[in-house]
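Place chain B on chain A using the hints.
Chain order of the listed sequences is A and B. First residue of the first sequence? That's 1 in UniProt numbering, and the numbers climb one at a time after it. First residue of the second sequence? That's 1 in UniProt numbering, and the numbers climb one at a time after it.
The set of hints was computed from the structure by calculation and includes no laboratory data. Keep in mind that a hint or two might mislead.
Heads up, simulated DMTMM-like pairs for lysine to aspartate or glutamate below, C-alpha to C-alpha not over 25 Å straight-line [stated by the list, open to error]: (1) B:Lys237 / A:Glu224; (2) B:Lys119 / B:Asp77; (3) B:Lys237 / A:Asp223; (4) B:Lys302 / B:Asp288.
To give a feel for the contact side, a few chain A residues facing chain B, derived at Cβ under 10 Å [claimed, not checked]: (5) Trp6; (6) Leu10; (7) Leu11; (8) Val12; (9) Phe33; (10) Gly83; (11) Pro90; (12) Ala107; (13) Gly122; (14) Leu132; (15) Met136; (16) Leu213; (17) Phe218; (18) Leu221; (19) Ile229; (20) Val247.
Keep in mind the model is a prediction, meaning the values are calculated, not measured. Yeah, the Cβ is synthetic: ideal placement off N, Cα and C, and Gly gets one too.
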Amino acid sequence: MRGALWAFGLLVLLFLLLPILVVIPLSFSSGSFLSYPLPGLSLRWYEAFFASDFWLPALRNSLVVGTVSAALATLFGVPAAFGLWQRNVPGRRLILAVILAPLAVPAIVVAVALLLAFGPRGLANSFTGLILAHAMLCVPFVVITVLASLARFDPVLLRAAASCGADPWTGFFRICLPRIMPGVAAGAVFAFATSLDETVVVLFLAGPAQRTLPRQMFAGLNDEISLAIMAAATLMVLLSTLLLGAVAWLRRPRR
Amino acid sequence: MTSRRTALLLIAPLLIGLLVGFVAPIGAFLWRAIADDEVAAVLPRTLAALRGWNGEAPPDVAFVALAEDLRAARARDAETGAGGIARAAARLNAEWPGMRSLLPATGRRVTTPGDERAKILSASEDWATAAPWQAILRAGGPYTGFRLLATLDLRRDAAGAIAQTPEDQRIWRGILLRTLWISLSATLLCLLLGYPLAWLIATAPSRAQPWLLGAVLLPFWTSLIVRTAAWMVLLQKEGIVNAALIGLGLLDAPLPLLLNRFAVLVAMVHILLPFMVLPIAAALRTMDPALPRAAASLGAGKLRIFLRVLLPLSLPGVGAGCLLVFVQALGFYVTPALLGGPNDQMLAWFIGFHANRLVDWGMAAALSVLLLGAVAVVIGLYGRLVGFDKVRTA
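Just chain B, same shape as in the assembly:
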């Protein structure tokens, strides 16, 4: 008999592998959502000089320290091409708009030592005020909540209180709502199409059952990219759907069916539908066929049997199906990227965009926290309402 120690030894290689290769990388990536080291790396002396500052007129030591920091950083950037000043300036810009250009411009004024205050003020008179220095302090790290706040279109105002982003600059709440809305629509459509099909599969004669099940399993096993490609072909301007509609006399000219929300939803429902059908069919098939008959013998009508007996018994399957569909829909990337327009991209696309194009790992991480948070809330709610012990897969 295997002892507990042997069992742990058998699990250990996989567990350690996943902790090192999966959990740790994701943790390190998500950490970047709150890590705040760009400014501290470039302006360490300035931050030290500002320690104990009363927040009024900026002290002379701060000007000297800033000049030294910028000279050192320029030398480092020139040598290694690391772009430290640009990154610190981009980070400071989030605290005090204008810093993106002001910090490098100031750096160009202080290339030689001596008379630092006048040189820095020649870049901008703003350095005589407290605001840019306070921005440096706020961005001094080592942690910040500004990216996580930004993903909810919130920010800290000059006094440090949480405030709404100006209306014309809000983007992320809309994208989060869009992601949730597309996922919810896909889940409801899958339920609407999937429940009757699952019902049919569960109650079909045993001769027909394997064929019906096979017709669900074949698309289920077909690659997501193949199914997305198929919808691109079907929905093209000269594609089969348009040709059929024109052939039937329903349309005079082809409709633009691609690169819009409709295309994204149709393909997502197509891809996710088996995840809804299979658990519901499994739940219905394990049901005791004597139960509806017993209800009927007690005088219940067909509708009543369905609502009071069959539907409640199939709910674990419905719950599992909705969970599988919704959670996967939240993370969709490939299908919206290929079939959707700019207004149909979901959170996943923006994570990829920030990581790959903008090379802004911090914001990519903050958006990932948002996406993972949504997934965790859904899974948690499911655990609360349904429980994981009842999940049965086909």
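For reference, chain A alone in the conformation it holds in the complex:
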């Protein structure tokens, strides 16, 4: 029984990992076909990636949009999570439903609705519009993660600080924030990763100047697939691994 479970489980893990692992060696191919065996190893597709007029800007756009929208989501999400932490807030369930709605509404509905709303206001085909859209899609991750950290924070500490004469601001910044900082940082990383992954909204809302990596990859996959896409994919796997590592490090059990 136990052996069969291991065999089945490892096969499923292979199914999960193999497609990602297959992409990586292809990006180092010296040939230009998407098949194995590789004719030889080279960095030509990375050179193509960094020399091209659209991949490097796409990488830069992805990083800029991800950073700014994650920062915005954190800036608005952390105070909101702190407010929601008070269980007696009137309408708490409804407020939570609004904040978590971006998780439940299909991306295509968000994309078309925002295109319609942002277009007449000059926000379509602009970085401002794209960043606002991504910040709204990212904010639930910040709120959830910070709420989870706050659940482990003892509110008595805040009362103790207040009794020592600290005003609520000092109490929050000196006592609470340092203790929930790993959660805040993990939320920000989640938000960044969400923006980095987002494809549908950027497809509808962004113009050529705001191409991100996923959008550039989508366009490339619809076209003749070049191995430069595999180089882009490998870079994205690398980025995801770094982000996953960052979150694992932030959430490590500490004594």
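Relative to chain A, chain B alone:
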């Protein structure tokens, strides 16, 4: 201690931002599913003239009003390029087939005032009958249910009763069923593959656990577009799967593995599987290991322990996993668009198609109502059957 007012003040910026930037745009977009202003914008005088009409022979005032409306609209369209007549004609076509060409053709006959009835009738004798005028009245707004009915392949007949669309024109019920079917298949496949893996992760020795969990988390964190691309590479005609099958002697010639339902499902299961594994593993890990032992000491066999003790305890995780997978599957856009053929596209693709290619926001909105309705039903059912208090994520 933070008071309730301070708490609300802290929440307010985000809440207001989301209400203005998210809830309002989606509401305004969905409103277009029932808004009906194309005809009223172009034919206001005609609609006014038809008020109080007995529904029999069309009155002369209506002909005069129609001619004036069309002249004004033609002048406006020529000046601004707004295409008002074309949009009104397209809307009227849904009520009375043939209007798409008849309305602009009629407009070309009445460019100069005088003898309106004869000029309009020279475009088509149909204007002497009640039907086109009734169509104008039905499309006069300000609201209509016709798009929402159309998404279920229903329409109103001439008498105003709800009727089935003719069989050869039905499309949307099939696409809704396809969307539900693909999502359900993906959910069941994820459950089938994910439950044993979650079990393994939850019961593995603590040395192995981080590695097993990491092997689920790495694909989970990898971009959806990267994983879709990976499957495009794997499933190509000269791709690795075909090459392996031929190499093993299982195939003589490569199979067409791309642009079909198989490719869409494989990639969707691959992308959604972690959403199934992680909640189930979390539910299993919080289980008290003394429980199965207690059951065994009471004489229960292995199968019985599983069915009566372990399975019920893992059900909250199974419920959360199924909800996460099914709801996300319903809205899939990118993966079917890249890996599927024309018969594998789901509702999301048609929403994008109507918005982007056809610029028919009304129909895109009606289809979005359908999709959001499906999502809401699933979430509501979950809330009823399982409840949201038990949801725990890994």
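Hints, verified against the model:
no.	hint	in the structure
1	B:Lys237 / A:Glu224	holds, 14 Å
2	B:Lys119 / B:Asp77	holds, 21 Å
3	B:Lys237 / A:Asp223	holds, 16 Å
4	B:Lys302 / B:Asp288	holds, 17 Å
5	Trp6	holds, 7 Å
6	Leu10	holds, 8 Å
7	Leu11	holds, 9 Å
8	Val12	holds, 5 Å
9	Phe33	holds, 7 Å
10	Gly83	holds, 3 Å
11	Pro90	holds, 7 Å
12	Ala107	holds, 6 Å
13	Gly122	violated, 15 Å
14	Leu132	holds, 6 Å
15	Met136	holds, 5 Å
16	Leu213	holds, 8 Å
17	Phe218	holds, 6 Å
18	Leu221	holds, 5 Å
19	Ile229	holds, 6 Å
20	Val247	holds, 8 Å
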